[in-house]
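Starting from the given sequences, assemble the full structure and let the hints guide the process.
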Amino acid sequence: MKFMQTTALALSMSFAGFAAMADIPTVSAVEVEADLSAYENSNALDFWPTLDDDLGKAIADKLNFDDATAPRLEVQLTKVAIDGDTVLPDSGEFNHLEGIIAVHSGLDSGNTTEGKADPEVLQSFPLTVVAKTGEGMELPEGWYLIPPSQEDFYQAMVAAYAEKVVERLDFE
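When the letters of the sequence shown are read in order and numbered with mature numbering (1 follows the signal peptide of the UniProt record, and there is no 0), they come out as residues -19 to -1, 1 to 153.
Treat the hints with care, since some could be wrong.
[What the hints assert, rightly or not] In silico lysine-lysine, BS3-like type, Cα no more than 25 Å apart, as pairs:
no.	residue 1	residue 2
1	Lys43	Lys145
2	Lys60	Lys43
3	Lys60	Lys145
4	Lys60	Lys113
5	Lys38	Lys60
6	Lys113	Lys145
7	Lys38	Lys145
[What the hints assert, rightly or not] If you anchor each label on the Cβ, the simulated ranges turn out as follows:
no.	residue 1	residue 2	range
8	Asp27	Thr7	30 to 40 Å
9	Glu148	Asp16	34 to 44 Å
10	Tyr20	Gln131	13 to 23 Å
11	Asp16	Tyr125	14 to 24 Å
12	Ala137	Asp4	21 to 31 Å
13	Asp16	Ile127	10 to 20 Å
14	Ile5	Trp124	57 to 67 Å
15	Asn45	Glu21	32 to 42 Å
16	Pro121	Ile81	23 to 33 Å
17	Ile81	Asp48	18 to 28 Å
18	Lys145	Phe46	36 to 46 Å
19	Pro121	Glu101	32 to 42 Å
20	Asp48	Ser130	17 to 27 Å
21	Glu101	Arg149	10 to 20 Å
It is worth saying that the hints were derived from the structure and are not from the lab. Cβ atoms here follow ideal geometry from the backbone N, Cα and C, with glycine treated the same way.
The structure is reproduced here in structure tokens:
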């Protein structure tokens, strides 16, 4: 009896996995560009020169891919800041990522980028992710607040932004 329950549980878990996979958007490409030129003296890319590559990989890891006929995802990071200031401190810390996400139609016989019309925009939305610190927070007696390392915080911000990009996709 226990074997049948375990088998039934394993089968239901695998079917749930298939259902979850069906909900994963399919794209032909993910393009991420960090264009912080709107903010004079922005120095985020001095500290994090691979931010666009890291974010692109984090997003791509959450999507399915198909040929060039599938929609193309474009992410334009426009602001990296610490408490609203685009000039990061010497530590390179930031707690604010902002950008524009656009989903373009895939390429087919009537829709190429070679001298013809740009692909149709299927979906576009702004996205901002801001992390709040626990400063000033009262902890229960015996608890200790341990801040994450700079690299852990960076990875968490990139992962959170990627997750929110994929959650908001709705182009099918």
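Hints and how they fare:
no.	hint	in the structure
1	Lys43 to Lys145	holds, 11 Å
2	Lys60 to Lys43	holds, 23 Å
3	Lys60 to Lys145	holds, 16 Å
4	Lys60 to Lys113	holds, 17 Å
5	Lys38 to Lys60	holds, 19 Å
6	Lys113 to Lys145	holds, 16 Å
7	Lys38 to Lys145	holds, 14 Å
8	Asp27 to Thr7: 30 to 40 Å	holds, 36 Å
9	Glu148 to Asp16: 34 to 44 Å	violated, 23 Å
10	Tyr20 to Gln131: 13 to 23 Å	holds, 21 Å
11	Asp16 to Tyr125: 14 to 24 Å	violated, 40 Å
12	Ala137 to Asp4: 21 to 31 Å	holds, 24 Å
13	Asp16 to Ile127: 10 to 20 Å	violated, 35 Å
14	Ile5 to Trp124: 57 to 67 Å	violated, 38 Å
15	Asn45 to Glu21: 32 to 42 Å	holds, 40 Å
16	Pro121 to Ile81: 23 to 33 Å	violated, 41 Å
17	Ile81 to Asp48: 18 to 28 Å	holds, 26 Å
18	Lys145 to Phe46: 36 to 46 Å	violated, 20 Å
19	Pro121 to Glu101: 32 to 42 Å	violated, 54 Å
20	Asp48 to Ser130: 17 to 27 Å	violated, 40 Å
21	Glu101 to Arg149: 10 to 20 Å	holds, 19 Å
Violated hints, listed in ascending order, are 9, 11, 13, 14, 16, 18, 19, 20; each of the other numbered hints is respected by the structure.
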